[in-house]
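**Student:** The task is simple: from the sequences and hints, build the whole structure.
Read in order, the letters of the sequence shown are residues 646 to 894 in our numbering.
Do not rely on the hints blindly, as some may be mistaken.
[Claimed, not checked] No farther apart than 30 Å at their CA atoms in a straight line, the calculated lysine-lysine pairs in the DSS-like style are these:
#: 1; residue 1: Lys775; residue 2: Lys672
#: 2; residue 1: Lys808; residue 2: Lys735
#: 3; residue 1: Lys862; residue 2: Lys808
#: 4; residue 1: Lys862; residue 2: Lys807
Hints are computed from structural coordinates only; laboratory data are not their basis.
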Amino acid sequence: MTNFIPFILPTIAGLSTLVGMAFIYVKCDSEKIVKYSLSFAAGVMLCVSIIDLLPESINLFSKLLNKKQTFIYTLFSAAIGTTIPFIIDKLLGKNENELYKVGVLSMIAIIVHNIPEGIATYLSATANIKLGISIAAAITLHNIPEGISIAVPVYYGTKNSKKAFIMTLVSAISEPFGAIFAFLFLKPIITDQIMGVVLAIIAGLMSNISLIELLPKSLKYSEKKKTLIFFIIGIIFMYISINLIKKYS
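**Tutor:** Here is the structure:
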């Protein structure tokens, strides 16, 4: 059983993303659900990018590079990440439903975010089961609002709960996929520089989606002050979640 725990933990953490689906069944004004959930998810994504991903990327690069090189590598990698949503936007086309498009972008961002999380949880659990459990628990907390950022815009953009479920599920299983990928391929070859590039790209990608897609879409509705409050709550929620991960890692 112990040998399976490093795979079970990221699976549980990943599937917690599906909890975000619950918000499409909340009996409330649909406008409020959309604007507050998008704003909250924007805060979550921006916080994880600036407070967690970018500093960790800089830390990994600085182990091998000088300050100037570290700055250039981090900035260039993050810039690559910021261009990805624009490319996807072009591929989806201008006539695509706006809320659905936000959901697709969120799904892609969360998939590329969850895979390294699955890798980290697997590697941590193989070294120390208690450490792996602590990290998986903290990741579970912030996977819930990430699920919201997919399920809510997809559902309210298409009125198709099955599509919202499938897209949220795809992002959820990317976490255990990361664990399996680490087991099969990455453990012997992964380097600090590779992880530094990956994390900076994800930071750029998620920052773009937060500030260019999620937050502006939420502010199109009324009660902008309340919407911004949910954005701040998302930042605070994610900040606490990140600190839980760091505390036990």
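**Student:** Taking the earlier hints as the rules, which of them does this structure contradict?
**Tutor:** 1
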